[in-house]
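Student: Take these sequences, add in the hints, and give me the full structure.
Here's the letter readout for the chains.
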Amino acid sequence: MAPNLDQEINALLAGYAAGALPAPLSVMVEAHLELSPVNRRFVADLEALSGRGIEEIAPVPVSSRDARLAAIFGADIAPAPVAPRPVRAGRLPVAIRRFVGGDADTLAWRTVLPGVKEIKLGEFDGLKPSLFWIRAGTAMPAHTHEGDEATLVLEGGFSDILGTYGVGDISINDATVDHKPVADDEGDCIGFAVTDAPLRLTGRIGRLFNPFIRV
Amino acid sequence: MGASRVVREVAVAQNDAFARLVEEVARSQDRAAFIQLYDHYAPRLNAYLIRLGTPAGVAEELTQEVMVTLWRKAALFDRSKSSVGTWLFRIARNRRIDSLRRDRLGDLDPNEPSFQPQDNIDADEYLDAQVREARVRLALRELPEEQLRLVELAFFKSLSHSQIADETGLPLGTVKSRIRLAFTRLRRILEADSQVDVD
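Protein sequences appear in the order of chains S and H.
Heads up: the first sequence begins at 1468 in the working numbering, then just goes up one per residue.
Heads up: the second sequence begins at 93 in the working numbering, then just goes up one per residue.
These aren't lab readings, by the way, just hints derived from the structure by calculation.
The beta carbon of each residue, even a glycine, is placed where N, CA and C say it ideally should be.
There may be inaccurate statements among the hints.
A short list of chain S residues far from chain H (calculated; beta carbon distances all over 10 Å) [unchecked claim]:
#1 1515
#2 1538
#3 1603
#4 1641
These stretches of chain S come out as covered by chain H in the derived footprint (C-beta under 8 Å, 3 or more residues) [to be verified]:
#5 1487-1495
#6 1526-1534
Derived Cβ-Cβ restraints for the label pairs, each shown as a range [to be verified]:
#7 1582(S) / 148(H): 45 to 51 Å
#8 264(H) / 1579(S): 33 to 39 Å
#9 196(H) / 1602(S): 26 to 32 Å
#10 237(H) / 1631(S): 25 to 31 Å
#11 109(H) / 1631(S): 20 to 26 Å
#12 1633(S) / 260(H): 36 to 42 Å
#13 1579(S) / 269(H): 43 to 49 Å
#14 170(H) / 1530(S): 29 to 35 Å
#15 1532(S) / 196(H): 29 to 35 Å
#16 241(H) / 1471(S): 20 to 26 Å
#17 1580(S) / 119(H): 55 to 61 Å
#18 196(H) / 1653(S): 31 to 37 Å
Tutor: Structure follows, in structure tokens:
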């Protein structure tokens, strides 16, 4: 049985706001906030706390302080003009494009099954992020996970045994869930998934949903 | 709310002073103002990054990148939206991710629009940064002592769940479930509070 999703997501958001999430989950939450307004306020509230945390932390001096200052002043980098607020000019959220280095239509997708494409991005902070693209109406093969999996819908939507997910929704599954997502009929579903890296699993406690893990 | 005002005023003076310095940098590339900000924030961001497990040398490089961003993009700072500490915290968080992806996936074209430094997504409704900070502090006070302790260990000490388990002597599974409960409760308090504010 998957734990209470609201509680999981609140802890995930808190980990993001604390700046303590593994990189792929941090990217996922940032993209989620771009796509969906519902959690922005809670995150902004908690980030105010993180700003206070920066003020109260015991400082660790940086080496070569003078040289570093000189480098900044001497680099002849004029202050940049004020950029307009970030706009979502692309198909995928800015956070995803920035992390992956491209947009949906320019990336090198690999077909894994008829109607299913993916891009594996490697391993970061002990977790494996990937993008998937499922053709409308297509079912992924049923699978369970060795660890935990979080999925953010970027385009379209899908359903599985636990529910129905639309753009901006996060789905969380653990190893006990027999997971068979089916893309909605209305359009292709593009998503960003993050799974535990099984080799790094250290015990029976899933590591993914410890929002404050570090490797 | 009297208590709210007291909490607020304590934070205001300090926040205002740093915000003014950033505005000086934005307005006139004031080096003296920048140096004050550098000396205050660089060692703190460095400490934050080290606490997250970033190797010391990398933490210093990331700190430097944040400071370069502060020098170049000071005009993007908006004191009504966040404190200087929160703004720099967000930039540091993004820089850490950029550097990880750079190591694994190579450089992005710096002119790629998605690579432009950006502030975080704004909360939908306008809420003055200092009011926000004060109401979060008040909400924290409504948490039961034990949950408050866990939230503080996670937030202010950036401890991992297993470190919190060590520190508190609680089993790891208990720490995980209590932290989930604590943040869910905090959220409820904040949401209830905001409904009162609107009236």
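Student: Against this structure, judge whether each hint is valid.
Tutor: Status of the hints after comparison with the structure:
A Cβ of chain H approaches the Cβ of residue 1515(S) within 10 Å, the least distance being about 4 Å, so the stated non-interface status is violated. Not every CB of chain H lies more than 10 Å from the CB of residue 1538(S), the least distance being 8 Å, so the non-interface label is violated. Here residue 1603(S) stays apart from chain H, with its beta-carbon at least about 27 Å from theirs, past the 10 Å limit. Against chain H, the non-interface label of residue 1641(S) holds: every CB pair exceeds 10 Å, the least being about 12 Å.
Given as covered by chain H, the stretch 1487-1495 of chain S passes the check, having 4 residues with a CB less than 8 Å from a CB of that chain where 3 are the minimum. With a threshold of 8 Å between beta carbons, the proposed coverage of the stretch 1526-1534 of chain S by chain H holds, since 6 of its residues qualify and at least three are required. At roughly 48 Å, the beta carbons of residue 1582(S) and residue 148(H) sit within the given window of 45 to 51 Å. As the Cβ distance of residue 264(H) to residue 1579(S) is approximately 35 Å, the hint placing it in 33 to 39 Å holds.
Here the CB-CB span from residue 196(H) to residue 1602(S) is close to 29 Å, well matched to the stated 26 to 32 Å. Checked against the hint of 25 to 31 Å, the pair residue 237(H) and residue 1631(S) fails, with Cβ atoms roughly 40 Å apart. The hinted range of 20 to 26 Å is not satisfied by residue 109(H) and residue 1631(S), whose Cβ atoms lie roughly 50 Å apart. A C-beta distance of roughly 39 Å is found between residue 1633(S) and residue 260(H), which places it inside the suggested range of 36 to 42 Å.
Distance hint for residue 1579(S) and residue 269(H): a CB-CB separation of about 36 Å, inconsistent with the stated range 43 to 49 Å. Distance hint for residue 170(H) and residue 1530(S): a CB-CB separation of about 32 Å, consistent with the stated range 29 to 35 Å. Between residue 1532(S) and residue 196(H) the beta carbons are some 30 Å apart, a value that agrees with the proposed interval 29 to 35 Å. Restraint check, residue 241(H) to residue 1471(S): a C-beta distance of roughly 22 Å satisfies the suggested window 20 to 26 Å.
A C-beta distance of roughly 57 Å is found between residue 1580(S) and residue 119(H), which places it inside the suggested range of 55 to 61 Å. At roughly 35 Å, the beta carbons of residue 196(H) and residue 1653(S) sit within the given window of 31 to 37 Å.
When each numbered hint is compared with the structure, violations occur for hints 1, 2, 10, 11, 13.
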